[in-house]
Amino acid sequence: MNKRQAVVEVKDVSIGFSSKVIQRHLDFEVYEGEIFVILGGSGCGKSTLLKSIIGLYQPLYGDISLQGMSIKNSQNDIQAYRNILKEIGVMYQGGALLGSLTLAENIALPLHEHTNLNTEEIASLVSVKLALVNLHGFELAMPSELSGGMRKRAAIARALALNPGLLFLDEPSAGLDPILSSELDHLLIKINKNLATTMIIVSHELASIKAIAERVIVLDQDGQGIIEQGPPGHLAEYSKVPYVRHFFHRQPHFSFEA
Amino acid sequence: MSFTFPEYVHNKNVGFILRDFQQDFSRINPCRVYVDFQQTKSFNDFGVLVLTEIKKKTHQANGKLVLRNLSQEVQDILDLVQFSTLPEEVSDLSQKRLPKITIRTGEAFFKCLYDMKKMIFFVGEVFFASLVLIKNPRKLRYNDVIYYMQRVGVDALPIVALISLLLGLIMAFMSSAQLEQFGANIYVASLVSLAMIKELGPIMTCILVSGRSGSAFASEIGSMKISEEVDALTTMGFDTTIFLVMPKIVAAVIVVPLLVVFSDIFAIAGGLIIGVSMLDLTIHSYIHQTMTSLTILDFGLGLLKSMFFALIIAWIGAFRGFQTEGGAQEVGQATTSAVVSSIFLIIVVDSLIAVMLRYWN
Chain A
1 MNKRQAVVEV KDVSIGFSSK VIQRHLDFEV YEGEIFVILG GSGCGKSTLL
51 KSIIGLYQPL YGDISLQGMS IKNSQNDIQA YRNILKEIGV MYQGGALLGS
101 LTLAENIALP LHEHTNLNTE EIASLVSVKL ALVNLHGFEL AMPSELSGGM
151 RKRAAIARAL ALNPGLLFLD EPSAGLDPIL SSELDHLLIK INKNLATTMI
201 IVSHELASIK AIAERVIVLD QDGQGIIEQG PPGHLAEYSK VPYVRHFFHR
251 QPHFSFEA
Chain B
1001 MSFTFPEYVH NKNVGFILRD FQQDFSRINP CRVYVDFQQT KSFNDFGVLV
1051 LTEIKKKTHQ ANGKLVLRNL SQEVQDILDL VQFSTLPEEV SDLSQKRLPK
1101 ITIRTGEAFF KCLYDMKKMI FFVGEVFFAS LVLIKNPRKL RYNDVIYYMQ
1151 RVGVDALPIV ALISLLLGLI MAFMSSAQLE QFGANIYVAS LVSLAMIKEL
1201 GPIMTCILVS GRSGSAFASE IGSMKISEEV DALTTMGFDT TIFLVMPKIV
1251 AAVIVVPLLV VFSDIFAIAG GLIIGVSMLD LTIHSYIHQT MTSLTILDFG
1301 LGLLKSMFFA LIIAWIGAFR GFQTEGGAQE VGQATTSAVV SSIFLIIVVD
1351 SLIAVMLRYW N
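Listed in order, the protein sequences are those of chains A and B.
The numbering used here puts the first residue of the first sequence at 1, with every later residue one more than the last.
The numbering used here puts the first residue of the second sequence at 1001, with every later residue one more than the last.
Hints in this document: simulated from the structure, not taken from any laboratory.
Calculated cross-link-like contacts (lysine-lysine; reagent style DSBU-like; alpha-carbon spacing at most 35 Å): (1) A:193 x A:240; (2) A:86 x B:1118; (3) A:86 x B:1117; (4) A:190 x A:240; (5) B:1118 x A:11; (6) B:1117 x A:72; (7) B:1111 x A:11; (8) A:20 x B:1111; (9) B:1100 x A:20; (10) B:1064 x B:1012; (11) B:1100 x B:1117; (12) A:20 x B:1118; (13) B:1118 x A:72; (14) B:1139 x A:72; (15) B:1139 x A:86; (16) B:1118 x B:1198; (17) B:1055 x B:1041; (18) B:1135 x A:72.
Non-contacting residues of chain A with respect to chain B, defined by C-beta distances greater than 10 Å in every case (computed): (19) 4; (20) 5; (21) 29; (22) 33; (23) 36; (24) 63; (25) 137; (26) 140; (27) 179; (28) 195; (29) 207; (30) 210; (31) 234; (32) 252.
Quick reminder that beta carbons are idealized off the backbone N, C-alpha and C, glycines included.
Isolated chain A, as found in the complex (with noise of 0.2 Å):
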């Protein structure tokens, strides 16, 4: 595995604000056509450490590569880094379409920008990003009107809109029902398989994350870091680490003895 090219390197990075850090001392690589997964109980900064990752926040300390290019010189150098962002995409939590455009003009958006098609062709390539995430026939629908569920799903065609090479998906199968949420699986593993793309996925959903992570890294409660990585399968039979089995089991970590 390690003689893939790293897409992501994370080194000795510490996240969070000014007021507070979250994470320290996070060290790790993600390689070109993996299916990476980050876990960590709730509010232990996972989503942070994505945005982290995409430049939107800057690490406290360390330095984060994304495509070969620093996240601290991403400032300096911003005509660089939207070129960057043009290779990535996002699905962010709660699907963050923008809410006055329709779904269709929402994953038009980044077709327009960045690519020099005519209005008639970015429509039917939208109609078919829209038939690979199971929306069919909602180009017109306003976000606003589609349950949870959908606008995840128009989220995740918006962030495949321009073909990335590197997917970031924060929750995504968070609020599906289990036969949508393993529809959604099967779909992110083809377009690993066929397209290529890199994934980069925050999630707490175990069935999910069994189906379809190569490898994943636990985050600690306390901040403290990394706790333990590799292929979920095998942490959750041998971790070392108890916390990291109870995750993998639904068990509850503290116990009730007196």
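Here the structure of chain A is known, so what remains is to put chain B in place on it, guided by the hints.
Okay, now just chain B, sitting in the frame of chain A:
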């Protein structure tokens, strides 16, 4: 002292049980308290409360607590709440934990500095975005510009017209009482037109626009920020200043001067109504007096000022929106803050312009 734990403890009897125990305890003042659970049929967290109070009293008197006939059910619940390690002294819930005044002052000072830094950054961002748009005008989202022109301008027209008309009426009415004494009725026309066109027209219109649209800009961008839409735009490679801020600024700078023109016209009409109906002036003489007291420079200056004010309103609205972090409460704060700061800045800038013009003349 022996205390028989009751059959049931619930919210209605817990107070009486505690009072009874406390009375007995202070009467006897024992060195050992035996709590017997023989009769207890059901045990819950109110029971835990009673037991905690007994434990506290006993320990305060340096006594010893002995539990007897503990059933498995009671033991399970005590384990669940970790009774043995439960603190006896609890903090006062009514006292909010507030940091010291020095810390709060320091924090407020640094927040203020940080705000100013951000504000200057944002001025720079808007400036550079304008340069980009001048170089490449196709990047501006014209549909959004038209949408905001309608929101800021057309939708505000009725209220601006009504308020200006009333303002003209009031000014003419109030000044006529004084001017009539000197037979200077005709100067009501000069007063209304000069005051409105030079000062009140731009200020009143911009205060209204700030309340209507500045707040809307702040809440719109603020809620987009909270729902991660701003982040999504950034990661799609968009310049959020060009995408979200510039259409608002361009629209406001175009339509606010037009609103001011309407405001001027309606205020003059208001003065005219009073002049004709109460001061025996003819329509012709009123309009003639208005035209002679005004210069094109006064009119142009009013419009130029209103363009500045429009820039301030859209810029502050967007800035406060981008500053929003957290939830719905912060969107409300951003909205309020956008209106307050833009009205404040409008008046400051207006005063500066007035002083500058005075020395320039």
